[in-house]
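Novice: Guided by the hints, dock chain B onto chain A, whose structure is given.
Okay, here's what each chain looks like letter by letter:
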Amino acid sequence: MQHGKYRFIVGFLALPLGLYALFVVWPFIQSIYYSFTDWTGLSPEFEMVGLDNYRRMLDDEIFWKSLQHSLMFALVLPLVTIGLALFFAFMINVGGRRRRGGPVISGVRGSSFYKIVYFFPQVLSIAIVALLFAFAYNPDSGAVNSFLRGIGLDGVQPLWLGDPDLALWCVMAVLVWSTVGFFVVLFSAGMASIPADLYEAALLDGAGRATTFFRITLPLLWDTVQSGWVYLGILALGAESFAVVQIMTTGPGGPDYSTTVMVLYVYQKAFRDGQAAYATTIGVALLVVTLAFAALVMRLGRRERLEY
Amino acid sequence: MSIEKTTEPPAPVAVTKTAAPGGGGPPRPQKEGQVLNAFSHGILVVWAVMVVLPLLWAVMTSFKDDGAIFGSPWSLPDKLHFDNWSRAWTEANMSDYFLNTVLVVGGSLIGTLALGSMAAYVLARFDFPGNRFIYYLFVGGMSFPIMLALVPLFYVVNNMGLLNTIHGLILVYIAYSLPFTVFFLTAFFRTLPSSVAEAAFVDGASHSRTFFQVMLPMAKPGLISVGIFNFLGQWNQYMLPTVLNTDPDKRVLTQGLVQLAVSQGYKGDWSGLFAGLVMAMLPVLAAYIVFQRQVVQGLTAGALK
Chain A
1 MQHGKYRFIV
11 GFLALPLGLY
21 ALFVVWPFIQ
31 SIYYSFTDWT
41 GLSPEFEMVG
51 LDNYRRMLDD
61 EIFWKSLQHS
71 LMFALVLPLV
81 TIGLALFFAF
91 MINVGGRRRR
101 GGPVISGVRG
111 SSFYKIVYFF
121 PQVLSIAIVA
131 LLFAFAYNPD
141 SGAVNSFLRG
151 IGLDGVQPLW
161 LGDPDLALWC
171 VMAVLVWSTV
181 GFFVVLFSAG
191 MASIPADLYE
201 AALLDGAGRA
211 TTFFRITLPL
221 LWDTVQSGWV
231 YLGILALGAE
241 SFAVVQIMTT
251 GPGGPDYSTT
261 VMVLYVYQKA
271 FRDGQAAYAT
281 TIGVALLVVT
291 LAFAALVMRL
301 GRRERLEY
Chain B
1 MSIEKTTEPP
11 APVAVTKTAA
21 PGGGGPPRPQ
31 KEGQVLNAFS
41 HGILVVWAVM
51 VVLPLLWAVM
61 TSFKDDGAIF
71 GSPWSLPDKL
81 HFDNWSRAWT
91 EANMSDYFLN
101 TVLVVGGSLI
111 GTLALGSMAA
121 YVLARFDFPG
131 NRFIYYLFVG
141 GMSFPIMLAL
151 VPLFYVVNNM
161 GLLNTIHGLI
171 LVYIAYSLPF
181 TVFFLTAFFR
191 TLPSSVAEAA
201 FVDGASHSRT
211 FFQVMLPMAK
221 PGLISVGIFN
231 FLGQWNQYML
241 PTVLNTDPDK
251 RVLTQGLVQL
261 AVSQGYKGDW
271 SGLFAGLVMA
281 MLPVLAAYIV
291 FQRQVVQGLT
301 AGALK
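Chains as they are written, first to last, in UniProt numbering: chain A, 1 to 308; chain B, 1 to 305.
In case anyone wonders, no lab produced these hints; they're calculated from the structure.
Hints may contain errors.
[To be verified] Taking lysine to aspartate or glutamate and the EDC-like style, the derived pairs with C-alpha atoms no more than 20 angstroms apart in a straight line are: (1) A/Lys5 with B/Glu198; (2) A/Lys5 with B/Asp203; (3) B/Lys79 with B/Asp65; (4) B/Lys79 with B/Asp96; (5) B/Lys79 with B/Asp269; (6) A/Lys65 with A/Asp256; (7) A/Lys5 with B/Asp269.
[What the hints assert, rightly or not] Label pairs and their in silico Cβ distance ranges: (8) A/Thr250 with B/Asp65: 18 to 28 angstroms; (9) B/Tyr136 with A/Glu61: 33 to 43 angstroms; (10) A/Ala21 with B/Asp127: 18 to 28 angstroms.
[To be verified] If the Cβ cut is set under 7 angstroms, some of the chain A residues that face chain B in the computed set are: (11) Leu71; (12) Leu131; (13) Phe214.
Using N, Cα and C, we set each Cβ at its ideal position, and we do this for glycine too.
Isolated chain B, as found in the complex:
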């Protein structure tokens, strides 16, 4: 898996025709093209519907009362029950879950980018014994099953008094985000020209000043890509908080919703739960639609040839 900055996924593939129109080659029967065109469109539409329908269904359901949810899952709501949303926000603690998630992800994201870029910069630009070993130590973390480490990690975190704390969770998030971040940013720093850094150094800037004032600004596109990647990964994280964050007051969104689903079994407030689900879904979807290009770039950056 080598990386490079993802090239922008272009809109319809604009391929210019270089051969003269109709020149050479037997003309392909027009029919085949039409049938295939209709067929491919059909399939593509079906999948688009399959993606959108469950999401629309969730939004619709969040405005229905419990009776309608169970009685007729596909009918439109009789009226818009906005009270579902306010109930979810206050009584079902969605506001707390949001706040916790924002705190954890905010702290983790800043920490991940800071520590990740520091490590990546040193690994990419300096030659020293052990460089390769440390690099592969970080990168190897991407392919290991995290659950194996989580069993002892629970007790490590507990012994340090960090269990069920926001800052404990932040530190763990950072640690588990480092492999990809270091992998990605090391490759990115390698592509930056070294002449600029040398010039700064000749002018008397220290190594750290060169890093903060010259190299980091140059690495901005890479930081944005890896930042989006980490933001979504950390915002959507489920396994780490499930294991390491067992205090009901400290729950993050994903965890809180799952717990809510379990407890709704007793309380029977399904409409409130759906409102909570949609509430958690919409900001991310909205952000994606607005920053569509950057998000796609950030998420596919690591995997593309």
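Okay, chain A solo, but in the shape it has when bound:
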């Protein structure tokens, strides 16, 4: 198979690799370079300024806020989403009633219906979801507060996105809403491949559902949980949190910078304030946080791989 091999390899790789290098790799490299300059993005001229941008970043209160919010996203979102998804998936697959003569472990009735419905948000654009919930959160005419009024809670009418203490949680709740279903389906598929005799043995030994979950289901699903965790954390630091914060919050990033996340701050500095170089500096910080997060999860979560 040697004939014309290299010509073929080059011919097939040139286009994809060229496009990828030009639009993805090269901008990344440029970004890191620009973070040491005073480039505005408005004119092509710039000078090297060494570490000035980084010094400025360390003194920038809004940067620290955005870092804090991004870390919140990366920690809370996977924790809640994966926790809920594991719970739902376990209920769907193992929570069913034991029927005489039936299988030892069974799913609830209508389990495929739940999986179909839970997956709905996953196929919708996060932009559409964010718009929808921005209306629902509207303090006067939104669905949430009017529901609260409807059940007699007239006194409880939070401002939701308008309240600096609540806004970040409101935004995170939307991301949880839209990502849980995906993981329910993912974990369900994983749970389905766990052999039944393991459950049977546990039940015979008198283990309850909780023990079964923590001793059998979770360890055997661990790889999936871990990669889901990394995937979700990257989303929470990047594109998804950008969309929800940019679309839903006032400012965006408000009120009073209470929802500014790093990815939004990069965008605003570059395309609103004409400080492209400083934006790339924050972007580099975001890159460091993202890689550190992925490395940390992989390291903390490392355990012996279980074969079954």
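Specialist: Frame of chain A, contents of chain B only:
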């Protein structure tokens, strides 16, 4: 994260009982089972309602007039205001947004699958210096924050005269879809038997002919999975067009709706906006319900053990 073709998420987990009924083990109290069953059902129903309710609310709201939207958000529409929908389609430019999205996603999807499978095939089946480096260069793109690259990318695209053009956006979409596509398809091509390709080659087919006429047809299931994944990702894409596509005439759906929401603040046509939202939501949801199995497979393919 290793990949394999996702096994079909089976409907209720059918686990056959191998032990004799009632044999061994203390019989568990029937009560616990019932309480747990009721409890788990309750929780599952609550979440299902929480998922469906906002969507139903949006559909309902899209048929109401502005007064009713603000006055009583939960009441049913007094009559079905279909004019919201026609207003959104024509006056609010939803038809243009749809057309732009179809053009961009159509072009990107074909390009992504073509370029992605070419690169993946070479990386999976040929040994050459730099193979691993190129592979990790592609795969590394999955974990990098895209926003960092978008700042210079804006000017790269601008200098090439591609800013605010449909074909410019297509090229960028393809480039940013390649990491996952190459990652997924490389693993897929590795699983295909090499004997078939060798036989074709012995019979005198060239490398490229072997690829197009033998390997690609064999890779069809993988192409469908990754195609669905990319279709939804590109159709729903928000960040890339927001940064790189600032011309109002070229807006794609997601962007157009967000802009519409901003401008409705002045015009006050909220019912038209809701109609637009639902209009954008329904085709994707309908497609999902019809191709439910394939969609779930495509989206979970990369993440499953």
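Novice: Quickly compare the C-alpha distance for A/Lys65 and A/Asp256 to 20 angstroms and report which way the hint goes.
Specialist: holds (11 angstroms)
Novice: Using 7 angstroms as the Cβ threshold, decide whether A/Leu71 counts as touching chain B.
Specialist: violated (14 angstroms)
Novice: Kindly confirm whether 18 to 28 angstroms is satisfied by the beta carbon distance between A/Ala21 and B/Asp127.
Specialist: holds (22 angstroms)
Novice: Holds or violated: is there a CB of chain B closer than 7 angstroms to the CB of A/Leu131?
Specialist: holds (5 angstroms)
Novice: If you take the shortest Cβ to Cβ gap from A/Phe214 to chain B, is it below 7 angstroms?
Specialist: Violated: closest Cβ of chain B sits about 16 angstroms from A/Phe214, beyond 7 angstroms.
Novice: CA of B/Lys79 to CA of B/Asp65, is that 20 angstroms or under?
Specialist: holds (9 angstroms)
Novice: Given the hinted pair A/Lys5 and B/Asp269, is their Cα-Cα distance within 20 angstroms?
Specialist: Violated: A/Lys5 and B/Asp269 sit about 61 angstroms apart, past 20 angstroms.
Novice: Holds or violated: B/Lys79 and B/Asp269, Cα atoms, limit 20 angstroms.
Specialist: Within the cut-off at roughly 17 angstroms; holds.
Novice: Would the pair B/Lys79 and B/Asp96 pass a check requiring their Cα atoms to be no farther apart than 20 angstroms?
Specialist: The hint is violated at about 28 angstroms.
Novice: Please verify whether A/Lys5 and B/Glu198 have alpha carbons no more than 20 angstroms apart.
Specialist: holds (13 angstroms)
Novice: Compare the distance between the alpha carbons of A/Lys5 and B/Asp203 with 20 angstroms, and conclude whether the hinted pair is satisfied.
Specialist: holds (16 angstroms)
Novice: Just tell me: holds or violated, for the beta carbon distance of A/Thr250 and B/Asp65 against 18 to 28 angstroms?
Specialist: holds (26 angstroms)
Consistency note: the structure conflicts with the earlier hints numbered 4, 7, 11, 13.
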